Amino acid sequence: MNIRLLPVLLGLLTVLLELSLCPTALADQVDFANDVRPILADTCYQCHGPDEESRAAGLRLDRPDEALAVIEPGDAAASELITRLLASDADLVMPPPDSGKSLRPEQIQTLKRWIDQGAEFQSHWAFLAPERPAIPVVETDAAIKNPIDAFVQAKLQATAITPSAPASAETLIRRLSLDLTGLPPEPALIDQWAPRLRGDGDAESANAAYAQLVNHLLSSEHFGERWARLWLDAARYADSDGYEKDKPREAWFYRDWVIRSFNQDRPYDDFIIRQIAGDLLPDATQDDRVATGFLRNSMVNEEGGADPEQFRMEAMFDRMDAVGKSILGLTIQCAQCHTHKYDPIQHEEYYGLFAYLNNTHDAIIPVYTDAQQAQADQVTADVSKLEQQIKTQIPDWHAQLIAWADQAAQRSLPQWQTPPLEFLDRTLGGSKFLEQPDGSYLCQGYAPTNFRPQATGTFDGDRLTGVRLELLTHPNLPRNGPGRSIDGTWALSEISGQVVLSGAPDKVIPMKFGRAVADRSPQVAELKPRYDNKKDNKRTTGGIDFAIDGDDATAWTNEIDTPQANQDQTAWFELAQPIEIPDQQTATVEIHLAQRHGGWNSDDNQTFNIGRFRVSLTADPIPEFAPLPIAVAALLKKPSADWSADDTAVVFSHWRTTRPELEPINQQIDSAWASYPRGTTQLTLASRNRPRTTSLLHRGEFLSPGVEVRPHVPDFLHDMQPSDAPSRLQFARWLVDRDSPTTARSIVNRIWQAYFGTGLVETSDDLGTQSSPPSHPELLDYLAVELMENGWRLKHLHRLIVGSATYQQSSDLTPELAQRDPQNRLLARAARFRVPAETVRDITLAASGLLDREVGGRSVYPPAPEFLFQPPVSYGPKVWDVARDSQRYRRALYTFRFRSVPYPMLENFDAVPGNLSCVRRSLSNTPMQALTSLNEPMFLECSIALAAKTLGETPDADDAQRIDFAFRRCTGRLPTDSERTVLVDYLDRQRQRIAAGELDPEQIISPAALLDVRDCPPDQLAAWGLLCRVIVNLDETITRE
Amino acid sequence: MNLTNTIRSRRWFMKDCGVGLGAIAAAQMMAEESTAAHLATDPLAARAPHFPGKIKNVIFLFMAGAPSHLELFDYKPQLAKFDGTLPPAELLKGYRAAFINPNSKLLGPKFQFSRHGKCGAQISEILPHTAQVADDLTIVKSMTTDAFNHAPAQIMMNTGSQLFGKPSLGAWTLYGLGSESKDLPGFVVFSSGKKGPSGGNSNWGSGYLPTVYSGVQLRNVGDPVLYLSNPNGVDGRAQRDALDAITALNQQHLAATGDPEIATRISSYEMAYRMQASAPELMDLGAESQQTLDAYGADPDKPSFAKNCLLARRLVERGVRFVQLFHEAWDQHGDLVNGLKNNCKDTDQACAALIQDLKQRGMLDETLVIWGGEFGRTPMVQGGGGDGRDHHPNAFTMWMAGGGMKPGVTLGESDDFGFNVTADKVHVRDLHATILHQMGFDHTRLSYKFQGLDQRLTGVEPARVVTELIA
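These protein sequence lines map, in sequence, to chains W and B. Numbering of the first sequence is given in the working numbering, commencing with residue 1 and proceeding in unit increments. Numbering of the second sequence is given in the working numbering, commencing with residue 1 and proceeding in unit increments.
No lab work stands behind these hints, which were simulated from the structure alone. Treat the hints with care, as some may be off.
[As the list claims (entries may be wrong)] What follows is a set of in silico ranges between Cβ atoms, one per label pair, in the way DEER data are often shown:
{"#": "1", "chain 1": "B", "residue 1": "Glu90", "chain 2": "W", "residue 2": "Thr369", "range": "57 to 63 Å"}
{"#": "2", "chain 1": "B", "residue 1": "Lys105", "chain 2": "W", "residue 2": "Pro282", "range": "54 to 60 Å"}
{"#": "3", "chain 1": "W", "residue 1": "Pro97", "chain 2": "B", "residue 2": "Glu461", "range": "18 to 24 Å"}
[To be verified] Subject to a maximum C-alpha distance of 20 Å in a straight line, what follows is the list of computed PhoX-like cross-link-like pairs (lysine-lysine):
{"#": "4", "chain 1": "W", "residue 1": "Lys101", "chain 2": "B", "residue 2": "Lys449"}
{"#": "5", "chain 1": "B", "residue 1": "Lys56", "chain 2": "B", "residue 2": "Lys406"}
{"#": "6", "chain 1": "B", "residue 1": "Lys345", "chain 2": "B", "residue 2": "Lys194"}
{"#": "7", "chain 1": "B", "residue 1": "Lys406", "chain 2": "B", "residue 2": "Lys359"}
{"#": "8", "chain 1": "B", "residue 1": "Lys194", "chain 2": "W", "residue 2": "Lys534"}
{"#": "9", "chain 1": "B", "residue 1": "Lys302", "chain 2": "B", "residue 2": "Lys345"}
Since we're looking at a predicted model, the values are computed, not measured. No residue lacks a Cβ here, since even glycine has one placed at the ideal position from N, Cα and C.
Could you build all of it, start to finish, from the sequences and the hints given here?
This is how it looks when you write it as structure tokens:
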């Protein structure tokens, strides 16, 4: 920046603040990336940019060679570009009047000067990989604690603004505590560190103490919670599906993985790789699969009319958007429909990226905590010990097993025909049955809890003797299926059918099943509460006979509460009388699969339906013996000599059940399995064996596929190094390549934003050509390079930022700063802002002493008005079982997040519902917030708890001391004398009114019904409760100073 | 409002309101006086649109679930004639239905239609009250949308996009015009019917606009606003006392830190306090005459769509910019005849009463009333009982009243089966462009910079102001 222009600039600053951000506009040398390209992008590229479809006159102004058609480098006056911009003829002037675009005179001046200076095109700054900039040498009296300060001071000096004084020790401790852990400091922490931070005038020991405090907070397990919340916004985390049904889902293992990752300081590159392709890493662990929950946080639409493929594509677009915003820091959404008007990502390149992610199943896998995993390992060990016992007991077990297998393989089996099926729409209730290549059908979309789908197929044979029904697993089903319940289980209430012969189309022949056999038949059992249909009819589940007993209240099920439920199953149904099919005729067979064992609320997880099934028909006799498990039957088809050890183990596990003398030990094995932990589930990605073809979608419509697109990365970004890894894993690694121009800058900028309220680039969701120019470009690059060159360790970055004098300044707004830099883009002070929604709650809980500091686990249900979760507010009834134990006081990060019914307190303070990736929340200041903190029950409960704590912990104190105690718990400092006076007066007035019987203390303390406050006299507690309510409501309490 | 947003709204002034540099400088100077600060920078301050608009307020009667145009407004004698036959094959080419096999039999209209008013609009027998205000209605029989599932289609109708995360029409309205009400939210939502709307509260969300522009859901029983009532045992004086103490302390801290955000918080608390009085006053129908209550068919003690309509008028009277009533009840896959009869019984009278009431009070000119759902219903039958219709996006009917629309006009036509629009197609985007136009906005210029783009309600696809509808 040119110093001679300074006085002019300062004069202008008072009216046009933005000029301070792009001072080069007035400087001699015009910078293409910062000055010219934004003008061209905003006003010209719509018709003269990368988008071929909307390009006019065949002219591109984004490519130097092609722009030469209208630009004469070095001579603006001779350049048609300028002539057209200045033209007065409406037919000639650019941009055309009907485009709604126009250039300001100073913009045209900029373009002129740029052309006069040679019209040099440079890439947009954010598309060139960051390089380590030289650290400016500044001569200043201001503190330079690390290179951040040098960059900031260099710019401040140029504008002759003095940085602010350091904040007080108390303010710094609270600021650090809120910034690093999201929790206010306990007074003891302030007592411990404030004197050390002051260091008695010894700067060195003060600095050392500060660094120690930072390390102390960085190693707190609450650090991960605080920073996870930011990432979870970007990852659009929620505990429900979204859309109309908005059913609860389990994704908190992912949330906890994010928390742990930040706590462990997992390198950011590794953090990203695992979220995109953890499942594809060699020896992927449960954690690696859980990490892929990032992509699975997309919403799921299971409303009745939804086409699963349409909403799979919507979810894909959402994943692309999330990758763009949260990792690349780029808006790529527009290129879904057309080539991006401004950024150079082409329509076709969007689908090139899309293709990397397109080859997945939407899995819901069982996951186990460490304790559960230990128990699971124990069960596996027990089973294996018992099986070993059998092998000891029967020394020639192997020979016997082979003999059994040979004999079993000899048995003659029916020849099955699997006809393609047609389903009667009105029997499906809106669910969709998707045909699979093996003739099976996968049930997706809406899942009714009580229906009887009707399938029709054609059978070609001389007689029909029976039906085979296979229930098959699939990665898209919960716990792999084969059912659609949240346990992957199903219940078949009744199978029935009828036949019409082609020779007698009017005659319906009912199919009467006389006998049924299955590879597995569980004991009779009562239904679980989740399947309650709120009707009187008692329904049970059990073995295969229940499927043909003519009673819809009994069902055959696979629900046995062990992992063995989640396996393929087979049943054979024999017709009591074979149906003869005369020569030249075919039979139209109609099968009904009644599934009436689900619960009353199909808008919740109460379905008990079959997830994937295959219907086959035969003319052969149905054997007396039961079908073998599908895995065993498949192995019997190959010679036992070719079996692997695992194959033998599979056959063994079945063979032992065929031996009556092993009954006792088999029972022991069964009961061992019964103690296998159920764990919970997590939405993850799973790779498909059959790759999908990715096509360019015309206008982003999934019904308008164009040419096939192979996975590839956009031209304007860095190259991908070839490797043999699966393509999604290659993509994941590419995202965090050292050469990526935006990845490190994007995360560094967002972390800066969290500390300073605004990023170095204000548009933290978009570093593309339309982004606002960085306030300190070299600083941004310095931080990005620092991150990458220090093993992508985010804690290094945090240490660096909070270690700077820039961070440690006071946040007070002087009149001078208010006038000269109200947005604080020059960083002559620290930021002062209201804390995020979750921190508002956490501060209140922590101040009151109620906060339960447990880290991780299932999401919780703090108090909320019940009607929010019921129609007509909620679409369907939702369960919100208010916690009455300490779960009520968990950090707000753990509050259950229904997308369609956000937790009202958090919503009022600008939390986002997780419908799409968000890297920059609004920060509002509204009456709704005031009503919430004044009147919401948890705020009141906390106020009274704080009062009880104050009274309990300061038994001999006077009012002023007690006020100090409560005030300090909320704000981290003692009140001033005049503040104390306001509070003492207020307290006195409330006391008088209580004493006079004007206010009822019992009423006032009623929000604390769950608290043990017996030690406090109600009138005292009420008065202090009202006082604490005032303190909790102070601007300062919910502000990070 | 934080500084970033303050600056943003200032930019908006400069860019979209034609407020020159002088005015900005003046605002800047005023900002030094703390009381003037938030007036100058209040994101909800009433503002002038691009050009003088005809309307100040909108009441959107959102018939969620999607009412059957074929039974209510779009009379199709040919459909009656071909009842029970399969639809022509060419009609179904490329057609996707939500539930049914598209090749299902046609179902004739279930109710009688007759002509009403001087305009002679054809209206169903189950809408007798609406029929009486036919001459006040502007009916659009040629609506069309892109989505045929409830949640995406509702989001489409309310935010212009099937994708979640975009600002709603009401949010755009507040962003554009600000609020006239100092003690009630500028954008209010009520819900009635069997369920909540499928799109949830994204239907009235602020999307990428600042959250101050999102709708506030009020309840028509109990506390109208969440956390409105004083806590147990806290009387009016105690609440005022608490507020005074909070304000006194906040003012001291404002003096110490100089952060204008504290001034905003002080005024937020004051508005909250005023809202504690004004919201119950709003909800108290005691001042309404029995005649008015009867006209709407509203029982003050019972939650109902009728009561919400009356409250909508009261809200508009109090300067609330945008009122949206969701009545989720219209998804007649089955029970078409009884379902429609009941829904009309619940809504018809109140809709008509609202128009007449606004008119009587001279408010209809500046208030635009909009009636409609997220899509229409198939002319093909759903279910074996011949008593249901599936979702249908290609053609449906909406009506508007007041707000500078041409009264007594019916625009657009659908084909003989009410399947496709054959004349004067009005896409959801066109409707949005038209509504914004009535407010005084050029829909291409009412924009907000987000993710590097000038985002707008009507998006990037073409949209037109339907001038044929405008008086």
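Hint check results:
1. B:Glu90 x W:Thr369: 57 to 63 Å: holds, 59 Å
2. B:Lys105 x W:Pro282: 54 to 60 Å: About 58 Å separates the Cβ atoms of lysine 105 of chain B and proline 282 of chain W, which means 54 to 60 Å holds.
3. W:Pro97 x B:Glu461: 18 to 24 Å: Holds, at about 21 Å.
4. W:Lys101 x B:Lys449: holds, 14 Å
5. B:Lys56 x B:Lys406: holds, 17 Å
6. B:Lys345 x B:Lys194: holds, 14 Å
7. B:Lys406 x B:Lys359: The given pair, whose Cα atoms are some 14 Å apart, holds under the 20 Å limit.
8. B:Lys194 x W:Lys534: Holds, because 19 Å separates the two Cα atoms, which is no more than 20 Å.
9. B:Lys302 x B:Lys345: holds, 16 Å
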